[in-house]
Each structure stands twice: as structure tokens, then as C-alpha cells.
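J.: Here are the chains, one letter per residue:
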Amino acid sequence: MKNLDDKDGPDQPDKRFETIIGLETHVELSTQTKMFCGCRLSFGEKPNSNTCPVCLGHPGSLPVVNKKAVEYAMKIALALNCRINKRTIFHRKNYFYPDMSKNYQISQHDLPIGIGGYVEINMGSHTRRIGITRVHMEEDAGKLVHSGATGRISGADYSIGDFNRAGTPLIEIVTEPEIKSPLEAKQYMITLRNILLYLGVSDCNMEEGSLRCDANVSVRLKDSDRLGTRTEIKNLNSFKFIQKALEYEASRHISLINSGKKVIKQTRHYDDKTQSTKVLRSKEEAHDYRYFPDPDLVPIDIDDCWIKKIKDSIPELPNQKEKRYKDKFGLSDYDSSLLSGDFEISDYFEKTLETYNANPKGICNWLMGDFSAFLNKDQISIKESRIKPEHLARLVRLIDEGKISSNTAKSVFKEMYAKGSDPDDIIKEKGLEQISDKGELEAIVEEAVKNNPDAVSQYKAGKVKAIGFIVGQVMQKTKGKANPALVNEIIIKKIS
Amino acid sequence: MKLTCMKAHELHELIKKKEIKIEDIAGAYIDRIEEADKVINAFITFKPEEIVKNAKRIDRYISEGGEIRHFTGIPIAVKDNICIKDVRTTCASKILSDYYSIYDATVIKKLNEHNFLFLGKANMDEFAMGSSNENSAFGPVRNPWNTERVSGGSSGGPAASVASFEAACSLGSDTGGSIRQPASLCGVIGFKPTYGRVSRYGLASFAASLDQIGPFTRDMTDCINLYNAISGHDEFDSTSIDMKNKKDYGFKAVENLKGMKAGVPKELMIRDIDSEVKASILNTIKILERNGASVEETTLPSLEYALSAYHIIAPSEASSNLAKFDGIRYGLRDKDAQGLREMYRKTRSAGFGPEVKRSIMIGTYFLSSGHYDAYYEKAQKVRTLIINDFKKAFSKYDILVGPSSPTTAFRFGERMDDPLSMYLSDICTIPVNLAGIPAISIPCGLSDEQLPIGFQIMADALREDNIFKAACVLEGEINWKITPKI
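Sequence order for the protein chains is A and C. Mind the numbering: the first sequence is residues -11 to 484 in this note's numbering, read in order. Mind the numbering: the second sequence is residues 320 to 805 in this note's numbering, read in order.
Calculated directly from the structure, the hints in this document are not laboratory data. Being a predicted model, the structure only gives us computed values, none of them experimental. Positions of the beta carbon are idealized from the N, C-alpha and C atoms, including for glycine. Honestly, I wouldn't trust all of these hints.
[Claimed, not checked] BS3-like cross-link-like pairs, simulated, lysine-lysine; straight-line CA separation at most 27 Å:
hint, chain 1, residue 1, chain 2, residue 2
1, C, Lys335, C, Lys357
2, A, Lys469, A, Lys418
3, A, Lys402, A, Lys438
4, A, Lys467, A, Lys402
5, A, Lys249, A, Lys232
6, A, Lys81, C, Lys697
7, A, Lys131, C, Lys700
8, C, Lys340, C, Lys404
9, C, Lys665, A, Lys81
10, C, Lys711, A, Lys55
11, A, Lys297, A, Lys3
12, A, Lys74, C, Lys404
13, A, Lys376, A, Lys438
14, C, Lys711, A, Lys131
15, A, Lys131, A, Lys34
16, C, Lys428, A, Lys55
17, A, Lys56, C, Lys563
18, A, Lys349, A, Lys365
19, A, Lys81, C, Lys428
20, A, Lys391, A, Lys453
21, C, Lys563, A, Lys74
22, C, Lys563, A, Lys297
23, C, Lys577, C, Lys711
24, A, Lys34, C, Lys404
25, A, Lys426, A, Lys481
26, A, Lys469, A, Lys482
27, A, Lys81, C, Lys563
28, A, Lys74, C, Lys697
[Claimed, not checked] Quick look at which bits of chain A chain C covers, simulated, 3 or more residues with Cβ under 8 Å:
hint, segment
29, 50 to 59
30, 82 to 88
31, 283 to 289
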């Protein structure tokens, strides 16, 4: 869950400077097969089990574009408000690396599928619009495992290649250099991840690398209009690291400048252990990728009809959902924003509503209240929780129908969270069902009235609150199961 | 008649009538290869016991009532840049000298459906770069008409194997003339189909936008049959043309060429053409006219730049295509090298021959960011001009004709030290690849030194029928029966 309580992040070391950040985000698509061949995509299988002549780059093999991946890319581009290039082509990006089976990566260069979009991010007090330069398609490389302590290729005795990941469809989303703080960068990533999850195009699992980003950082004096020298931080794969790494890097730039030194254009790596960035490549090499249109692939022509079809397939996105929650369910700005701001929670919310839709606010309260607290305590996501949406719906319904009191509900919820059981079963098993039987309650009330004449006379003397004592007695007798409203009604009838 | 001297369709008739066993055909060809290839060197991989085993399998298949198709049991040689599963595919390079393919090229799958008799992998210029077949890590291929002469390149092996009766027909690849030029020099038919009509899946790329697999045969019937067998849409090749409902070229022989219009581009006839070649081409043009075709000189001005454009585009693509041969996953690796960079460098230094290195270096230069606009992009623009010139010409003519090669087969070493003169060998064939159109080379005569001369016929994209029509009539008229000495 995003934390709207953060203001502008930790103080920057020097208020005279401003930070400029541009992000390049890589998203691994969750298509069934790879970008240019029919190999299955799956994580964590036996090395090199999902490979073929194409993704291994064997002589004579040819790529064929995965249509589904193109559609996913269009979906992303459209959801990020981009224009779709009517003719999109693939280029070869040539460079040598042992995990690249062809020694070139098929990528998009001057005709990417999407250009010129934006993402709106909620900064609590205000909304910011971050420009999207381009959305393009490419393929992922394989993975190398290096022997030796450093785990890096230099100094390793040998390296083993796994090409299961080679050819995985990747989407690169590039922002304009207009993100103004590490917190904004983090918020952008949270928002982007949420949109991608809504679209259902990627599992966005940052630990497994299916969502990762490179950040370009520079600082400049606030009145300057020239960008400072930038450094690039590679492969950031958690929201926390994104913010921490950028904070560290910006302050590093500022101290360099303040001590009269120059920022050197570099590629750096964030080390979580030392909470600092380290040089990855000492000197920025002049990369010449020798881009040229891949002669093995024909251009893809995209007509309006296809664009419309994809547009129509885009589900309700977070900002639309937020609006609907406010308009339709009357939820507060705060609730609507929190619910829609997390795909898993809003998905859970909607599933709950599928079985019981009479009290969205009630369900929302559980999600924002006890449920969140429990999840936070255990550091698990709502998807990992044992409570089924239909069981939460049932719980709220039981309260609404007066079958249990809110107090009882809290203990039932605790049981549900621990065991994943049906609330009805818990109530039955523990005999927690609220007593709403008038005859049964009348006898108990009668006794309580009889045993407490003082309270009755106080009530008759005009002290309305005195009735609470009698209610308390009834509750004690029924172990809290009596329907309080009904008890009240019976007492008043009896003593008036 | 000797079995090895028969055309594929003649063998097919015998096989169909069950008058001959595939094992006998295999035996005859094995004997012939063992005899002739000591000199010719048309084969890189030749395994007689495998051929016999396959022949027996096909015999069994036939005896069990299997369908006998055009190429069932027909002995075919395959250029060594076309992949066959579990067979060594070297591309005539040291870097792949012990590489075994892990899958079948689409053309091989198609021929396997016929149960063809695979004879072996044919020699070639390394990675199909060359015009004389002197750039093979497995030695040069000699011309069956005169073994002091080159066979042409890069498909010298496939051409020579058919010319010397070591194969009934063969498959080659044509990037700038690599089928038509050696066909011309070896006196056989060599056909380059429309780009995209034959799948490139399984053909080790030289220049992907120009490469095309095609047949070598000894007559037109075999050429058309083999083309029909290997062509068609392939979902594994996205540049493959999808012609809905398009079936084989059911070819009907025509008696004459009445109504056919032919153009002779003067750009292919003037410069650097050997006088004997020129005379033979003019004579063949007369035969066309005698058979009812109207022939006139025409001009395609941009052809003047074709050679330059080709020698920018082809090495550029090659530099990228050949990057995968790095010693990491398969093929040669320098095992003593220290570190990754040294391993790349030593492996590639030892693995590639001089012509391939030249291409990679030149192509890398053309694609580099400072030179891309000046070379690669400009060459692509020239390519568009050439395409447009051909389009214009084919709005007027059914076919364009000219020589396949400016000279007959030259001597070994003659052009090796002079790359520019070597590059001129393909001057007549290169424009066709840039335009993606089909073209054929058919034998049209012999020089005084008894060296074959090739006649080239070009047609608009997907108008293979026009080429076949003209070539079949010429074949009948020229009555090509002279066989080489060896």
C-alpha cells in the first residue's frame, strides 16, 4: 500500500538544488510464449528446458513476432495515453554479450509502438503528470551464473548460461526527464505497476525481475534550465530501493558540486547493504549499437480497427475505478484512492461485492481497518491471506442483518484470518449467534429489571442513561449475544 | 544410359514403374562421387553408409506402398549452409567445422515429405561470401568442364555436383548471384525464385534481405519440379509470402513465345562483358525472336549503382548475422584464451577466413553511427530506385534477358588478390537480389575453350511462369546435350 502520509520525502541536503529523474522501466510480459518463438514462458524451471533454435540463436533460425505480445504492448501504450505508430518496425541492436544468443537484441528504435503519453500520479496533496516518451517492444536476454565469490563475470573461472529467459517479451517504458524527487519516482513506479496489474499483461513480480527499472539522475540549481551531468543507476527492483538509491545519488551529486568537483557520467549500481551506489562501469563507453531494421522481420501495420479492438479490451483503470467508488458507493476520497491504488486490494474488494453488494462502505472499512492491520503485521499481501472474499462478504452481511454484533464480528474475523474458515461455521461452532428471539430475551430482561430496582427508579426519574446498566446485565447473562437494539426496546416497554 | 546421367524426372519414371531400386541409384551415385570428387571437391560431408541406409529405408517405404512423389528416392546434394538435423552444417567455415544442426530447414522438411535421397552437404564459399568457391575452409571446388578453372560461387559445390553427375540435382542459395553465376560457369540450370517464395528458415544467413534458396538441375522439368517441391508459405519465416490458394506452378509447355515481350537492359550488356559471352547471348536472343518473342533494348539506369548498393547492404547485414558465431554456445572456441574478450577475439580470428573478416569489418563500419546515413541508408534508397526501375521495365516487358556472368569460368587465383575484380563477377546477377525478383541462368553455349556460357532470364516478382515459359522454349531449341569432360 502506498503511504500518503509521506510529505516530500527526507530533506534534500541542499535546498538550492533540484533533482531531475528519468526512468526506464522494463516489464516482462506474461504471454504464454516468447517474443519471437513458440517456447513456453515460465519462471524457475530447469535451465535451458524452454529453448529452441530461435531463442538459442542457432544458424538459420528466424524470429516470428508474437502477436499477443504486440497486443499487450498496444494495451500498455494506450493505457499510458500514448499514440500508436501505425507502422512499427523492429531494429537490431548489435552488441556482444555471452547471454545474448544472437549477439544482437531485437528491439525497437525509431518507430516504437507507442509515443508521447503520460501517467498521472497521486502525491497526496496534489496530482503530478509524468510524460511518457515512448513505449517499445524488445526481447530479454538469457541469464549467466558466474562461478567465484564476486558473482561477476570478471574474475569468474567459468560461467554457465541459462537461456530460458532469452526471448521473453519485454516492454520498455521511458519517461521524460521530469520526475522531481525520489519520492515521485517511487510513486510513479507504484502507479505504473498498478496500471500494469490492472491490464493483466504482467505479473510485475519485482523480485523475479519481471518489473525493473533503470534511473537517470541529475541535479541542478533551481534557477538553471540546463540539465546537470547525469548518472544511470541500473536494475532497481524494489520501490524502497528506487527511493533510497535516488536519494543517495542526488545527495552524492550535490556534495560533489558543493565541493567543487564534477559529476562524471557513469553507470552505477545500488548496493542495499551499504545503502549507497557504486560504479558499475568506470568510464561511460561510447556504445555504438549499430541499429538497423531487422531484415528477418517485416513491418507491422496497425490499422484503426485493431487499435479500437485493443482499446475496447482495456479494463477500468485505477483512476476510473477511484471515481466509480466515490460516485457509486459514496466512499470517501481517501478510501477510494487507497482501494483503487492497489490492484490486489481493489480486485479483492470487487470479488467481495460479487457476493454481497449492499454495503460497500462496510466491506471497505474491514479492508482498510482490521484486515490491513493483520496483513501488515504478518507482512503478507491480501492474495496470500486465507480469508476468501465471499467469507468477508458473509461476515459483513451477518452484521448488517443483526445476526452478530460488531464486537462478536471482530473475534469471528480473527478466527477467519487464522484458519480461513467460513464465518457461519465459526459462529455455529462457538454459539456466537446473536439472540434475537423476543420470547427468550423477555424472560432475561424481566429478571434483570426485577434484580435492579434502583436503575429502574432512576430511569423513571428521568435519568435515561440508567437503562444502560440493565442492558449491560442482559449482555452479561447472554455472553454478549443478545441483540442490543431488541434488548433496549424490550426494557423500555417493560418499565414505562 | 548410366543412372547418374539421367535427369531426376527420368529416374522418377523408373522408380514409379518399380524398374529400379533406390539402393541401386544410391550405389551408382556413391561410385560416381567417390571417383569424381577426388578432383572436383563438391562435397564437404559425404557419408556413403548413411546414403545406403537411407536408400534401403526408401526402398522399404516404396515396397510398403508409400506414395512415390517427384523426389522420392532422387539423389540430391544440399549446400552446406542449409540445416539438416544431426548433420554437420559447416557453412564451409572453420568456426562451424564441428557443428551439427539441431533441426531441419523448412526446405529439408518439404523434401523429406517426398522421401528424397540426401547425398551430402555441398561445398561453398565460406558463409556464402565469394564468387569462385576459393573461400572454403574445405578447399576450392573445381569446374567439371576444366579443372584448372573455378566453379563459381558461392554455390560452387551444388553447381559442380550437378554438372559432374555427382548429384541429380541440388539446392543452393543466392544472395547476389550465388546460384546463377556458378550455374553459368558450370553449364547447368540455376534458379533464384522470388524473394519470400522459398522459406529461409534453416538457411544460415549471409544477408537476410537478399538470401534465397533455389534449385540446380540439368533440365527445366527438374527445375520446375524442385522449385514446386520447396516453395510455399512458411509460418517460421515472416518474410515468406503468403499466397492464399496458390498451388504449384502447374507448367504447360508452350510451342512458341508469341506475344511475349522481352527487354535487354543495356546496363547488363555493355561493360566488362567478354566478347564470346556477348556473342552467345545475342545469338540466344535471336532464338527468342525466332520463336515469336519481341525483343528490344531497354534501359534501367539505376542498375549502374547496384553493385555499390549491394556491397554496402550485404556486408552490413552479414556483420550482424555472423556475430552469433562467438564460441560461446557452439562451434569453434579458443580454449586457452584468458577472459571473455580474448576468447571472442581469438575464436573469431582463427575461425573466420579473410573474405568473411573483410565483410564483417566493412559492414560494421557501414552500420556504425557516424556512417549509417552516408552508406547503409543511402544504399537502401538506391535499392528502392532499382526496384522502381524493374517495376517500370516489367510494366512493358514480360521478361528481361542478358548474361548471367560477364565471363566464363576463370582460373584459380586469378582474382583472389583483387577483391574489386572478383566483385565484378556478380555484376549481372546482383540487381535481381536487390529487387527481390526471380531469375534463372540456363546454359546457352560454349566458348572456344569449351567453357559454358549462361543466359539469364528475369521476371517480375511472382511471375516465375514467364521465366519458365521462355526457358523451356530455349531449352528445346538450344538442345543442350554436351557434357563436361570429367
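J.: Give a verdict on every hint.
T.: Do the hints match the structure? See the list:
| no. | hint | in the structure |
| --- | --- | --- |
| 1 | C/Lys335 / C/Lys357 | violated, 33 Å |
| 2 | A/Lys469 / A/Lys418 | holds, 11 Å |
| 3 | A/Lys402 / A/Lys438 | violated, 37 Å |
| 4 | A/Lys467 / A/Lys402 | holds, 18 Å |
| 5 | A/Lys249 / A/Lys232 | holds, 23 Å |
| 6 | A/Lys81 / C/Lys697 | holds, 20 Å |
| 7 | A/Lys131 / C/Lys700 | violated, 39 Å |
| 8 | C/Lys340 / C/Lys404 | holds, 26 Å |
| 9 | C/Lys665 / A/Lys81 | holds, 24 Å |
| 10 | C/Lys711 / A/Lys55 | violated, 36 Å |
| 11 | A/Lys297 / A/Lys3 | violated, 49 Å |
| 12 | A/Lys74 / C/Lys404 | violated, 40 Å |
| 13 | A/Lys376 / A/Lys438 | violated, 46 Å |
| 14 | C/Lys711 / A/Lys131 | violated, 51 Å |
| 15 | A/Lys131 / A/Lys34 | holds, 13 Å |
| 16 | C/Lys428 / A/Lys55 | holds, 25 Å |
| 17 | A/Lys56 / C/Lys563 | holds, 23 Å |
| 18 | A/Lys349 / A/Lys365 | holds, 23 Å |
| 19 | A/Lys81 / C/Lys428 | violated, 32 Å |
| 20 | A/Lys391 / A/Lys453 | holds, 25 Å |
| 21 | C/Lys563 / A/Lys74 | holds, 25 Å |
| 22 | C/Lys563 / A/Lys297 | holds, 25 Å |
| 23 | C/Lys577 / C/Lys711 | holds, 22 Å |
| 24 | A/Lys34 / C/Lys404 | holds, 24 Å |
| 25 | A/Lys426 / A/Lys481 | holds, 12 Å |
| 26 | A/Lys469 / A/Lys482 | holds, 20 Å |
| 27 | A/Lys81 / C/Lys563 | violated, 34 Å |
| 28 | A/Lys74 / C/Lys697 | holds, 24 Å |
| 29 | 50 to 59 | holds (count 4) |
| 30 | 82 to 88 | holds (count 3) |
| 31 | 283 to 289 | holds (count 4) |
Hint compliance for this structure: hints 1, 3, 7, 10, 11, 12, 13, 14, 19 and 27 are broken, all remaining hints hold.
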